[in-house]
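Please build the complete structure, drawing on both the sequences and the hints.
Chains A and B, in that order, give the protein sequences.
Under the working numbering, the residues of the first sequence are numbered 1 to 263, in order.
Under the working numbering, the residues of the second sequence are numbered 264 to 421, in order.
Keep in mind that the hints were calculated from the coordinates and are not lab data.
Source: prediction; values computed, not measured.
Just to be clear, a hint being listed does not mean it is correct.
[As the list claims (entries may be wrong)] Subject to a maximum C-alpha distance of 20 Å in a straight line, what follows is the list of computed SDA-like cross-link-like pairs (lysine to any residue): (1) A/K10 / B/D367; (2) A/K261 / A/I110; (3) A/K228 / B/D351; (4) A/K177 / A/D140; (5) B/K339 / A/L221; (6) A/K238 / B/R399; (7) A/K94 / B/R399; (8) A/K94 / B/K339; (9) A/K95 / A/I224; (10) B/K369 / A/A145; (11) A/K235 / B/D367; (12) B/K400 / A/T223; (13) A/K104 / A/A145; (14) B/K400 / A/E239; (15) A/K95 / B/V420; (16) A/K95 / B/K400; (17) A/K235 / B/K369; (18) A/K10 / A/I22; (19) A/K94 / B/Q395; (20) A/K228 / B/D367; (21) A/K141 / A/L201; (22) A/K94 / B/D367; (23) A/K238 / A/L102; (24) B/K339 / A/I224.
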Amino acid sequence: MNEYLNRGIKEIITEFPEIDGILNDYEISCGPCSVGTCLLKDIVTIHRLTKDQEQELMARIAKAIHPGKDIKIPEIEKRTEVKPKEFRYAPPIKKLVDEHVLIKRWIGLIPQVVDYCDLKTEEGRQLILDGVDLIRSYADKFHHAKEEDILFKYFDENSDIIKVMYEDHTRARGYVKAVLDALDKGDETAISENLMAYRELLTEHIKKEDEILYPWMDNNLSTIQVGKLYSQFTKADKEIGFSPEKYERFIINLEEKFKQKEK
Amino acid sequence: MTQFEGCPGSQAMSFKDQDGNDADQDVGKIKSQLGQWPIQMHLISPTAPYYEGADVLLTADCVAYALGDFHREFLKGKSIAIACPKLDAEQDIYQEKIKAWFDDAKINTLTVLIMQVPCCMGLMNLVQQAAQSAERKVPTKCVVVGVQGDILQQEWVE
Ligand SMILES: [Fe+2]
Ligand SMILES: [Fe+2]
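Here it is, written out as structure tokens:
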């Protein structure tokens, strides 16, 4: 069993598909992850499980790996005592979580944007350009940049979980570039496919950050680091050169527009 | 229980020798972590050099007596001011000083340590009012200490 603790989760799930379902029961969704190199022991450590839940989960995994055998469950050394789910984020982390809300609202509108997409009209083309602008300016330059250039520097950037976050950001940029290329060629199908792929990727990405990465980081930041991080975020937001409210207005208008169309 | 017990903040309690052993106590002299003087809120200047960009503790007077490991656990590496929200006079001056910490001394963080007794919340209210009037925002944490020195609550405030 011990040897499995140090193996990548995707590898384990490929060998024992049943484990994906077991992890899901504990709200750990490694299946759709794009990388999957996190080690089993790290996954158990980083999710906020109680001691009993952890024992139960490990017992079920052991049973899936060695059916019929009585396996001794190895104890996993906890790096920090993890707080329960309903806790208040430190202010800089809360800022990032709040920014996710607008990105999630945009993601929620993508299926309608795709339906509505009509490149023959100026309005249709502009809608795609405005959506891409939100992704590039708000989600990437404003939000992801704070994660990559500031927050992640407080942690080991070579850790698997942070590498996964970088990789997700890079893939997101790839989808957006593909949307613009498709717009140039007037290829509506490629626009839809890439926007939908972006939606799926970012939905999982934000879930990983909100539910796993951020609570874990929040727990591991000292009071002094929280203050420094907050000042750095405030400075970065000031220097960004555009007002994020512009994108909130764009989303409000778009939501309103689609609501009218439904009527 | 009598019908009227008076103010819970000044109710008499005794918990001497409750857990009787001191096996986990350090031996030898414990070094003070205090790095400044003065500390009383009326006496300090909020723009003294030791507050500039600092991580500041604003502590209710009783806290340091209740918390067994106050110096190492909280005071270490921080600047401090103490106050009593129940007994101190002219607390509007306190509010101005807290605002000056935020805007002028540009402190890094503020940790407010109060006792569990209801009147101690007054110190937290004072901080929140000062924070609202300040232009700069500062991450602020509230720590509630029990009368027997246990940390009852510790969280960032909005
Ligand atoms: Fe991210
Ligand atoms: Fe994010």
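Item to check | Hints violated by the structure (listed by number, smallest first) | outcome: 1, 3, 8, 10 and 22
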